[in-house]
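K.L.:
In case you want the letters, here they are:
Protein chains: 2
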Amino acid sequence: MNALLTDLYQLTMAAGYWQAGKLEETATFELFVRRLPPNRNFILAAGLQQAVEYLLNLRFGEEEIGYLKQLPQFQRVGEGFFDTLRAFRFTGDVFAVREGTPLFPGEPILTLRAPIMEAQIPETCLLSTVGFQTLVATKAARIVEAAGGRSVVEFGTRRAHSPEAGVLAARAAFIGGCAGTSNTLSGMRYGIPVFGTAAHSWVQSFPNEIEAFRQLQNLLGPKTTYLIDTYDTLEGAKRAAFLGEPFWGVRLDSGNLVELSRAVRAILDEAGFPDAKIMATGDLNEYKILELVAAGAPIDSFGVGTELATSSDAPSHGAVYKLVELGNGEQRRYTAKFSHEKATLPGAKQIFRFADSDVLARANETFAPGCEALLRPVIVRGEAVGREPSCAESREYARASVERLPKKLRSLFECEQPYRIDRSASLIKLSEEVSRRER
Amino acid sequence: MNALLTDLYQLTMAAGYWQAGKLEETATFELFVRRLPPNRNFILAAGLQQAVEYLLNLRFGEEEIGYLKQLPQFQRVGEGFFDTLRAFRFTGDVFAVREGTPLFPGEPILTLRAPIMEAQIPETCLLSTVGFQTLVATKAARIVEAAGGRSVVEFGTRRAHSPEAGVLAARAAFIGGCAGTSNTLSGMRYGIPVFGTAAHSWVQSFPNEIEAFRQLQNLLGPKTTYLIDTYDTLEGAKRAAFLGEPFWGVRLDSGNLVELSRAVRAILDEAGFPDAKIMATGDLNEYKILELVAAGAPIDSFGVGTELATSSDAPSHGAVYKLVELGNGEQRRYTAKFSHEKATLPGAKQIFRFADSDVLARANETFAPGCEALLRPVIVRGEAVGREPSCAESREYARASVERLPKKLRSLFECEQPYRIDRSASLIKLSEEVSRRER
Chain L
1 MNALLTDLYQ LTMAAGYWQA GKLEETATFE LFVRRLPPNR NFILAAGLQQ
51 AVEYLLNLRF GEEEIGYLKQ LPQFQRVGEG FFDTLRAFRF TGDVFAVREG
101 TPLFPGEPIL TLRAPIMEAQ IPETCLLSTV GFQTLVATKA ARIVEAAGGR
151 SVVEFGTRRA HSPEAGVLAA RAAFIGGCAG TSNTLSGMRY GIPVFGTAAH
201 SWVQSFPNEI EAFRQLQNLL GPKTTYLIDT YDTLEGAKRA AFLGEPFWGV
251 RLDSGNLVEL SRAVRAILDE AGFPDAKIMA TGDLNEYKIL ELVAAGAPID
301 SFGVGTELAT SSDAPSHGAV YKLVELGNGE QRRYTAKFSH EKATLPGAKQ
351 IFRFADSDVL ARANETFAPG CEALLRPVIV RGEAVGREPS CAESREYARA
401 SVERLPKKLR SLFECEQPYR IDRSASLIKL SEEVSRRER
Chain R
1 MNALLTDLYQ LTMAAGYWQA GKLEETATFE LFVRRLPPNR NFILAAGLQQ
51 AVEYLLNLRF GEEEIGYLKQ LPQFQRVGEG FFDTLRAFRF TGDVFAVREG
101 TPLFPGEPIL TLRAPIMEAQ IPETCLLSTV GFQTLVATKA ARIVEAAGGR
151 SVVEFGTRRA HSPEAGVLAA RAAFIGGCAG TSNTLSGMRY GIPVFGTAAH
201 SWVQSFPNEI EAFRQLQNLL GPKTTYLIDT YDTLEGAKRA AFLGEPFWGV
251 RLDSGNLVEL SRAVRAILDE AGFPDAKIMA TGDLNEYKIL ELVAAGAPID
301 SFGVGTELAT SSDAPSHGAV YKLVELGNGE QRRYTAKFSH EKATLPGAKQ
351 IFRFADSDVL ARANETFAPG CEALLRPVIV RGEAVGREPS CAESREYARA
401 SVERLPKKLR SLFECEQPYR IDRSASLIKL SEEVSRRER
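Order-wise, the sequence lines are chains L and R.
Mapping to our numbering: the first sequence position 203 is 203, numbers consecutive.
Mapping to our numbering: the second sequence position 312 is 312, numbers consecutive.
Excised from the complex, chain L in its bound form:
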């Protein structure tokens, strides 16, 4: 990622920190969400791998420096600042939860501790990278929950906010529980299963539907999925069966999916294809899928696009990146905000997860066995530590972690009783001290 892919004020602040002689001052920032999006009872963390890669590769080239030098905001800063940018490397520490971890408001997804300039510049990209994938992984978990064991495939790149967002949405959706994606690049880059056969334009490009189906069968054999709603869904189902060759299944993309899936099921069964699958697509979301499942529609697989790749009912969540500590040793200062709606807690933290509650504690605390410390070091002194799990491993971790949550939290609607998060005595004490000092 280009180093200028950040808000300009991160760079003017960097120049100011340089000018004020603060290059050695350490700052600790935490990235977390303030509130859950509507109808969500948890978020599912994702995007951490891209965040780590970004930090490890952050460099300023001559073109970038040349651009900054001619901006009015950088006319007063000494030339030494640009040399500092030329030599820029991220040398700090990062603690993060594993991708696929369910989290709650105020719990750090990522904690970054570095010289203040190195900690400030990445804010924008970290928020966008982690925020977006977390949004989509969370949405995917809801859709997969609604599908009740039927497979869900992500189909949303065409409606994603830029093609690259589509690649990352596919990744996050897979971690959130989807079986795979239509995004071919995401398949190559992240090893995610890819799906897809043909669109309406395929059918339209042949003189008739049966010829279009025959040609697809030639290409895909038993993996063929016939899209059967171009002209008439039931006729399409009959034509698919008429060809007589083994095929994977059919796809319905319009109409009353409950009625059509039943009628299509009957046609396929009667024609001797009881194992042929039925996939449904077309503006689906978790609520529509819940209804289809509740109605007993014989659908084996759902393809979800727009609503998944844009998390359209909650296209943002207020992920923030807040300064919690400044300086080292004796000089250390803890910071927080105490304003009514935007209150934050001071100091670097750890999340201890127990069977059915979390304890938010100070980073240096230890707890008895029986709980898991969720924030683990992923970068130490600018070097990656540990092996990054594959997307498939993160997906499995997410599945197991969500399954361990109290069942009611997996509802698609807001729980009356949110997840219990306690604060350690030490964190409460620190917060009170900082509050007294600031007031």
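Keep in mind the hints are simulated off the structure, nothing from the lab.
Incorrect hints may have been included.
Claimed, not checked - Lysine-lysine pairs mimicking DSS-like chemistry, simulated, CA-CA at most 27 Å apart:
{"no.": "1", "chain 1": "L", "residue 1": "Lys238", "chain 2": "R", "residue 2": "Lys337"}
{"no.": "2", "chain 1": "L", "residue 1": "Lys238", "chain 2": "L", "residue 2": "Lys277"}
{"no.": "3", "chain 1": "L", "residue 1": "Lys337", "chain 2": "R", "residue 2": "Lys288"}
{"no.": "4", "chain 1": "R", "residue 1": "Lys342", "chain 2": "L", "residue 2": "Lys238"}
{"no.": "5", "chain 1": "R", "residue 1": "Lys288", "chain 2": "L", "residue 2": "Lys277"}
{"no.": "6", "chain 1": "L", "residue 1": "Lys337", "chain 2": "R", "residue 2": "Lys238"}
{"no.": "7", "chain 1": "L", "residue 1": "Lys69", "chain 2": "R", "residue 2": "Lys223"}
{"no.": "8", "chain 1": "R", "residue 1": "Lys288", "chain 2": "R", "residue 2": "Lys277"}
{"no.": "9", "chain 1": "L", "residue 1": "Lys342", "chain 2": "R", "residue 2": "Lys342"}
{"no.": "10", "chain 1": "L", "residue 1": "Lys223", "chain 2": "R", "residue 2": "Lys277"}
{"no.": "11", "chain 1": "R", "residue 1": "Lys337", "chain 2": "L", "residue 2": "Lys288"}
{"no.": "12", "chain 1": "R", "residue 1": "Lys342", "chain 2": "L", "residue 2": "Lys288"}
{"no.": "13", "chain 1": "L", "residue 1": "Lys238", "chain 2": "L", "residue 2": "Lys223"}
{"no.": "14", "chain 1": "L", "residue 1": "Lys277", "chain 2": "R", "residue 2": "Lys342"}
{"no.": "15", "chain 1": "L", "residue 1": "Lys407", "chain 2": "L", "residue 2": "Lys288"}
{"no.": "16", "chain 1": "R", "residue 1": "Lys277", "chain 2": "L", "residue 2": "Lys69"}
As the list claims (entries may be wrong) - Footprint (simulated), chain R over chain L, 3 or more residues, beta carbon under 8 Å:
{"no.": "17", "region": "129-142"}
{"no.": "18", "region": "291-301"}
As the list claims (entries may be wrong) - With beta-carbon atoms standing in for the labels, derived distance ranges:
{"no.": "19", "chain 1": "L", "residue 1": "Arg76", "chain 2": "R", "residue 2": "Gly191", "range": "18 to 26 Å"}
{"no.": "20", "chain 1": "L", "residue 1": "Arg76", "chain 2": "R", "residue 2": "Pro193", "range": "13 to 21 Å"}
{"no.": "21", "chain 1": "L", "residue 1": "Ala266", "chain 2": "R", "residue 2": "Glu63", "range": "18 to 26 Å"}
{"no.": "22", "chain 1": "R", "residue 1": "Gly191", "chain 2": "L", "residue 2": "Glu383", "range": "32 to 40 Å"}
{"no.": "23", "chain 1": "L", "residue 1": "Pro418", "chain 2": "R", "residue 2": "Ala87", "range": "54 to 62 Å"}
{"no.": "24", "chain 1": "L", "residue 1": "Glu383", "chain 2": "R", "residue 2": "Pro193", "range": "33 to 41 Å"}
{"no.": "25", "chain 1": "R", "residue 1": "Arg332", "chain 2": "L", "residue 2": "Arg399", "range": "34 to 42 Å"}
{"no.": "26", "chain 1": "R", "residue 1": "Ala266", "chain 2": "L", "residue 2": "Pro406", "range": "50 to 58 Å"}
{"no.": "27", "chain 1": "R", "residue 1": "Pro72", "chain 2": "L", "residue 2": "Pro105", "range": "41 to 49 Å"}
C-beta: ideal position from N, C-alpha, C; glycine also.
For this one, chain L is given, so just place chain R on it according to the hints.
P.N.:
Positioned in the frame of chain L, the structure of chain R alone reads:
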């Protein structure tokens, strides 16, 4: 953009077209939106430049081909297909409206005519690229309209759907009328004015606010904008004035912006800084800005982030890419869908814009003077034609075009009477012919 950044089915269809001997068959697709998003009376086209660059640079490398070859979907296709991918170049024609053109449902933003494989593969990226930027440019036009002449700056990268989406959102927001962006890379890449000074963490990193302000003044001089709400907004305003040095203005990021802006204005005026500006930020959108303006809040400039970069009240619009013609000369076949909610019109089209209405016509029609043909050639036989306008030129074109629309269409709420779009006699005739043939 990587050639695999597309839905897998585009590539399986490509393999199928190859296998069916359809490489020479020409197809014409149109990209348009079916419906306006809620509360919008037009969309503002954007992203065409990125679409053209994508098409001109679309190539398959060996890594991509190697990945495809091992997928189950490509086990039956002849080796010649992969040679065809190796030699892939886009050789077709593209017609598009100028970026910044206001458009209405059913009107093509882009028409692409090429051998069917070359026309099929780009669908996913074209929809995402043009769809997203159009969404943001449209949202920006609304926010700028609400601001009634006050400047609006785009601040949304941190909440954009991936960092790259933030770069493109900044570009689209500028075309839609914003004065600039905080996204530094967008500034360098597209020549857009960039803005930004300092965040709360800057203020918090110094022992007190006055010291933080003094250091910022050292760096930025008369361009300084003091963020004054870290501790107490009115005290912050007094401290900004107390320093006595010329500054650009102050930024309010929380609280009751009507009351605070008035009180801050009085403090600045009284302290001898009547020219210092007041900028407001913090979860703003077009409706909140409309209220602030209506209340007479003395705010000179608005910074808008999340809601602009994600178009959060309408994070998608159903942009589609539909086959309208197949084949050449005598063999030409026109295609359309006649289903109730998804009906389309056959044949390549032109949009003729008159003073207060459009006529949708066939592509080969000509109209009398007094109207403008909106779709212009941008790629002919695989080569770019004409000079791409700069973002500043597209922004000016958008401004002038929106100003020419009937005033009521610029409302932030849905107009009772939508824009008038007629169909030419020739287009109606073609549509009736195709409909008779298909029924």
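K.L.:
The hint says 34 to 42 Å between arginine 332 of chain R and arginine 399 of chain L; measuring C-beta to C-beta, is that right?
P.N.:
violated, 52 Å
K.L.:
Check the hint pairing lysine 238 of chain L with lysine 277 of chain L against an upper bound of 27 Å on the C-alpha distance.
P.N.:
Holds, at about 14 Å.
K.L.:
In this structure, is the beta-carbon distance linking arginine 76 of chain L and proline 193 of chain R contained in 13 to 21 Å?
P.N.:
holds, 19 Å
K.L.:
Has the hinted range 50 to 58 Å been met by the Cβ atoms of alanine 266 of chain R and proline 406 of chain L?
P.N.:
holds, 53 Å
K.L.:
Lying within 18 to 26 Å: is that true of the beta-carbon distance arginine 76 of chain L to glycine 191 of chain R?
P.N.:
Taking Cβ atoms as reference, arginine 76 of chain L and glycine 191 of chain R lie about 23 Å apart, which means the hint holds.
K.L.:
Next pair to validate is lysine 337 of chain L with lysine 238 of chain R; report whether the Cα-Cα distance is within 27 Å.
P.N.:
holds, 21 Å
K.L.:
For lysine 223 of chain L and lysine 277 of chain R, compute the direct alpha-carbon distance and say whether it is at most 27 Å.
P.N.:
Violated, because 64 Å separates the two Cα atoms, which is more than 27 Å.
K.L.:
Tell me whether the statement that chain R covers the region 291-301 of chain L is true, taking a Cβ distance below 8 Å and needing three residues at minimum.
P.N.:
Contact hint for the region 291-301 of chain L vs chain R: violated, 0 residues under 8 Å.
K.L.:
Just tell me: holds or violated, for the beta carbon distance of glycine 191 of chain R and glutamate 383 of chain L against 32 to 40 Å?
P.N.:
Given range 32 to 40 Å: holds, Cβ gap about 38 Å.
K.L.:
For the pair supplied as a hint, lysine 342 of chain R and lysine 288 of chain L, confirm whether the alpha-carbon distance does not exceed 27 Å.
P.N.:
holds, 19 Å
K.L.:
Sort out whether lysine 288 of chain L lies within 27 Å of lysine 407 of chain L, counting only the CA atoms.
P.N.:
Holds: lysine 407 of chain L and lysine 288 of chain L sit about 21 Å apart, inside 27 Å.
K.L.:
Does lysine 337 of chain R sit within 27 Å of lysine 238 of chain L, going by the straight-line distance between their CA atoms?
P.N.:
holds, 21 Å
Consistency note: the structure conflicts with the earlier hints numbered 5, 9, 10, 18, 21 and 25.
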